[in-house]
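Using the sequences and the accompanying hints, generate a full structural model.
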Amino acid sequence: MRLWPLYTEAMPAIEIKNLCKSYRVYQKQEGILASVRGLFHREYKEVHAVRDIDLTVDDGEFVAFLGPNGAGKTTTLKLLSGVINPDSGTCQVLGHVPWHRENEYRRRFSLVMGQKNQLWWDLPAQESFRLNQHIYGVPREEFDRTRDELTDMLDVTRLLGQPVRELSLGERMKMELIAALLHKPDVLFLDEPTIGLDVVAQHKIQQFLKAYQQERRTTILLTSHYMKDIEALCKRVVIIANGAIYHDGSLEDIVDRFSGEKIVTLQMTDGRSVDALKNLPGLVEIEAPKIKFRVDRDDVGRTLSDILASHSVDDIVVEEPPLEEVISNVFSEAERDRVRDQSAADQSTSTGVS
Amino acid sequence: MQPSYLNVFLTFARNSLIRDMSFRMNFILQCVSSISWAVMNFGLFKIIYQHTSSIGRGSGWEENEFFIFLGTVWVINSLVQTFFMANAEEFSELIRTGNLDFALLKPIDTQFLISFPRINWAQLPNGILGAGLIVYSLIQLSNDSNKNLQLSLAYLPAFLFFVACGAIIMYSVMIVLSSTSIWLGRNQNLYTFWFYITNFYRYPMEIYQRSGIGMALWGTFTFVIPILVVSNIPARVLAQPLGTPWKTWELLLAGYTALAAVLSLVASRWVFKRALLSYRSASS
Numbered sequence: 001m002r003l004w005p006l007y008t009e010a011m012p013a014i015e016i017k018n019l020c021k022s023y024r025v026y027q028k029q030e031g032i033l034a035s036v037r038g039l040f041h042r043e044y045k046e047v048h049a050v051r052d053i054d055l056t057v058d059d060g061e062f063v064a065f066l067g068p069n070g071a072g073k074t075t076t077l078k079l080l081s082g083v084i085n086p087d088s089g090t091c092q093v094l095g096h097v098p099w100h101r102e103n104e105y106r107r108r109f110s111l112v113m114g115q116k117n118q119l120w121w122d123l124p125a126q127e128s129f130r131l132n133q134h135i136y137g138v139p140r141e142e143f144d145r146t147r148d149e150l151t152d153m154l155d156v157t158r159l160l161g162q163p164v165r166e167l168s169l170g171e172r173m174k175m176e177l178i179a180a181l182l183h184k185p186d187v188l189f190l191d192e193p194t195i196g197l198d199v200v201a202q203h204k205i206q207q208f209l210k211a212y213q214q215e216r217r218t219t220i221l222l223t224s225h226y227m228k229d230i231e232a233l234c235k236r237v238v239i240i241a242n243g244a245i246y247h248d249g250s251l252e253d254i255v256d257r258f259s260g261e262k263i264v265t266l267q268m269t270d271g272r273s274v275d276a277l278k279n280l281p282g283l284v285e286i287e288a289p290k291i292k293f294r295v296d297r298d299d300v301g302r303t304l305s306d307i308l309a310s311h312s313v314d315d316i317v318v319e320e321p322p323l324e325e326v327i328s329n330v331f332s333e334a335e336r337d338r339v340r341d342q343s344a345a346d347q348s349t350s351t352g353v354s
Numbered sequence: 001m002q003p004s005y006l007n008v009f010l011t012f013a014r015n016s017l018i019r020d021m022s023f024r025m026n027f028i029l030q031c032v033s034s035i036s037w038a039v040m041n042f043g044l045f046k047i048i049y050q051h052t053s054s055i056g057r058g059s060g061w062e063e064n065e066f067f068i069f070l071g072t073v074w075v076i077n078s079l080v081q082t083f084f085m086a087n088a089e090e091f092s093e094l095i096r097t098g099n100l101d102f103a104l105l106k107p108i109d110t111q112f113l114i115s116f117p118r119i120n121w122a123q124l125p126n127g128i129l130g131a132g133l134i135v136y137s138l139i140q141l142s143n144d145s146n147k148n149l150q151l152s153l154a155y156l157p158a159f160l161f162f163v164a165c166g167a168i169i170m171y172s173v174m175i176v177l178s179s180t181s182i183w184l185g186r187n188q189n190l191y192t193f194w195f196y197i198t199n200f201y202r203y204p205m206e207i208y209q210r211s212g213i214g215m216a217l218w219g220t221f222t223f224v225i226p227i228l229v230v231s232n233i234p235a236r237v238l239a240q241p242l243g244t245p246w247k248t249w250e251l252l253l254a255g256y257t258a259l260a261a262v263l264s265l266v267a268s269r270w271v272f273k274r275a276l277l278s279y280r281s282a283s284s
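Each protein sequence line maps, in turn, to chains A and B. Per the working numbering, the first sequence starts with residue 1, numbered consecutively. Per the working numbering, the second sequence starts with residue 1, numbered consecutively.
Hints were generated in silico from the structure; no laboratory data involved. Remember, it's a predicted structure, so these values are computed and weren't measured experimentally. Mixed in with the good hints there might be a few duds.
Calculated lysine to aspartate or glutamate pairs in the EDC-like style (CA-CA distance at most 20 Å, straight line) [as the list claims (entries may be wrong)]:
#: 1; chain 1: A; residue 1: LYS235; chain 2: A; residue 2: GLU320
#: 2; chain 1: A; residue 1: LYS116; chain 2: B; residue 2: GLU89
#: 3; chain 1: A; residue 1: LYS116; chain 2: B; residue 2: ASP144
#: 4; chain 1: A; residue 1: LYS210; chain 2: A; residue 2: ASP306
#: 5; chain 1: B; residue 1: LYS273; chain 2: A; residue 2: GLU102
#: 6; chain 1: A; residue 1: LYS184; chain 2: A; residue 2: GLU215
#: 7; chain 1: A; residue 1: LYS116; chain 2: B; residue 2: GLU93
#: 8; chain 1: A; residue 1: LYS278; chain 2: A; residue 2: ASP253
#: 9; chain 1: A; residue 1: LYS45; chain 2: A; residue 2: ASP87
#: 10; chain 1: A; residue 1: LYS210; chain 2: A; residue 2: GLU149
#: 11; chain 1: A; residue 1: LYS184; chain 2: A; residue 2: GLU166
#: 12; chain 1: B; residue 1: LYS273; chain 2: A; residue 2: GLU104
#: 13; chain 1: A; residue 1: LYS184; chain 2: A; residue 2: ASP155
#: 14; chain 1: A; residue 1: LYS184; chain 2: A; residue 2: ASP58
#: 15; chain 1: A; residue 1: LYS184; chain 2: A; residue 2: GLU149
#: 16; chain 1: B; residue 1: LYS273; chain 2: A; residue 2: GLU149
#: 17; chain 1: A; residue 1: LYS184; chain 2: A; residue 2: GLU104
#: 18; chain 1: A; residue 1: LYS228; chain 2: A; residue 2: GLU319
See below:
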């Protein structure tokens with residue numbers, strides 16, 4: 001039985017306001033002399049990992065965090081799980097302030113990090129699971145039932161007795177997920193859970209997360225660099241770049257907002273038409289009798305009717321550009337903005353000095 | 001749904017044993033090396049006592065009394081190395097690699113969680129050897145017609161109590177030292193430091209009380225980092241180098257030991273909590 005505090009029904013599961021976190025990073029110059037100098041005098045650079053983030057996530061939502069490396073995704077998840085303290089701003093998850101690290105809160109969420117492992121390396125995963133049972137104070141029968149369900153869903157029951165160091169990366173990740181879910185968290189933070197996995201293992205984990213979330217309505221925040229994960233799992237996508245939220249909306253919104261083009265593939269009836277069209281602007285490739293080109297979203301209808309008026313076409317496919325491409329455009333745009341802001345800031349300081 | 005601290009501790013103990021046993025040769029070699037260290041230690045003092053009858057004039061630390069002292073040191077050493085040493089080291093490593101994250105997520109006292117996960121069973125035989133040495137020397141001492149050893153079973157709880165105080169002090173010193181890794185980024189001085197300070201607590205405190213430098217050392221290691229009382233007080237309970245009843249200063253020192261144990265535990269907890277506030281969690 002779940003003991004819901006009454007107010008959580010009405011409150012969002014996660015509420016972040018003006019959250020900021022920066023780090024001081026030691027700037028080391030190359031070479032031995034610089035290292036010696038560094039013993040006496042050090043230069044530090046302030047890195048703004050998270051800048052003024054506002055975010056609200058409702059109960060039962062499955063939200064993706066997208067962003068280039070170093071964008072602040074992991075830092076945000078660490079703040080939400082109370083691992084680190086923010087510089088300023090507020091945050092409530094399930095009615096708790098994460099960095100107060102109250103046990104009532106810590107019993108209700110989990111964090112899985114694809115790049116770190118919490119299982120005992122030299123022992124079978126089941127020993128780590130048992131330890132979690134005692135730490136979370138889960139009654140034995142309930143614990144065994146949950147464990148059996150999860151190992152069954154992820155198809156790893158036969159590996160429970162094998163030392164973790166002898167598991168493959170995919171198998172280990174599944175075990176990490178199980179370890180994080182044994183206490184039935186209400187909120188789950190997943191930081192690149194499919195990193196480095198082959199397509200089969202990735203797919204399996206996606207399927208599992210989807211089924212698990214649908215069944216339990218767990219609130220999940222997922223970061224991943226694999227668009228497949230995000231397409232398969234999340235309706236809402238939050239793009240973080242340079243520590244700030246760049247976009248928050250559905251996947252379709254992103255494509256609409258950041259990609260002004262569609263990709264059209266025509267299968268022509270004869271080779272002559274292909275030749276006639278080879279100077280088309282936005283041409284991507286020709287594989288006679290197929291021809292593929294980009295066209296502005298608003299011009300799709302007009303362009304197609306022009307072509308159809310003078311050529312004979314067997315088949316038409318109009319697609320959105322690949323998500324990877326759209327996202328990479330978004331990231332580059334964000335990077336351009338950052339450089340612009342930076343140089344504007346630099347300019348204003350230098351003017352200030354002179 | 002409260003965590004059961006006892007069950008968690010027992011699971012740690014069990015998992016560590018399973019792990020140690022799975023690297024069988026390593027386990028055996030560790031036992032052998034720590035026992036041979038003890039034997040060599042014993043041999044060295046056997047040789048020293050061929051040259052003198054007591055360490056320090058009038059201090060009462062003659063051969064049998066001293067071997068009770070040495071046994072006590074082994075017992076405490078073994079407790080610290082079995083239960084705390086590997087964990088304090090591991091804690092520094094958790095900070096450096098950012099794996100402390102997982103400990104901070106768990107709904108259980110974080111200091112408890114990082115203090116006991118690895119129990120190094122291979123260091124325990126040393127403690128048993130120490131207990132053996134204590135019993136043997138006590139028998140020798142009680143058979144010595146020149147000595148008037150007053151012993152009854154009532155001394156055992158007092159001995160165990162002060163051993164526990166000693167272990168708590170050592171534990172606190174280690175936690176404080178490894179917590180500094182949060183600020184330093186890396187702290188590999190733990191073994192070195194351990195070696196330095198155990199050098200001092202391996203001898204009766206009377207040896208320091210002869211000269212200015214000695215007194216300075218005695219004062220530092222009694223009142224600043226109270227490690228001299230760790231071994232000296234429990235050993236005195238059994239060896240009674242100055243006979244019974246205890247002198248006033250001995251009683252005061254015993255009271256101070258209990259106080260020092262409480263204070264150092266409180267201090268270590270304070271430092272630990274302060275350190276956690278500065279934890280940066282390395283990398284993703």
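Hints, one by one, checked against the model:
no., hint, verdict
1, A:LYS235 with A:GLU320, "holds, 17 Å"
2, A:LYS116 with B:GLU89, "holds, 19 Å"
3, A:LYS116 with B:ASP144, "violated, 61 Å"
4, A:LYS210 with A:ASP306, "violated, 44 Å"
5, B:LYS273 with A:GLU102, "holds, 14 Å"
6, A:LYS184 with A:GLU215, "holds, 12 Å"
7, A:LYS116 with B:GLU93, "holds, 14 Å"
8, A:LYS278 with A:ASP253, "violated, 32 Å"
9, A:LYS45 with A:ASP87, "holds, 16 Å"
10, A:LYS210 with A:GLU149, "holds, 15 Å"
11, A:LYS184 with A:GLU166, "violated, 27 Å"
12, B:LYS273 with A:GLU104, "holds, 19 Å"
13, A:LYS184 with A:ASP155, "holds, 19 Å"
14, A:LYS184 with A:ASP58, "holds, 18 Å"
15, A:LYS184 with A:GLU149, "holds, 12 Å"
16, B:LYS273 with A:GLU149, "violated, 38 Å"
17, A:LYS184 with A:GLU104, "holds, 13 Å"
18, A:LYS228 with A:GLU319, "holds, 17 Å"
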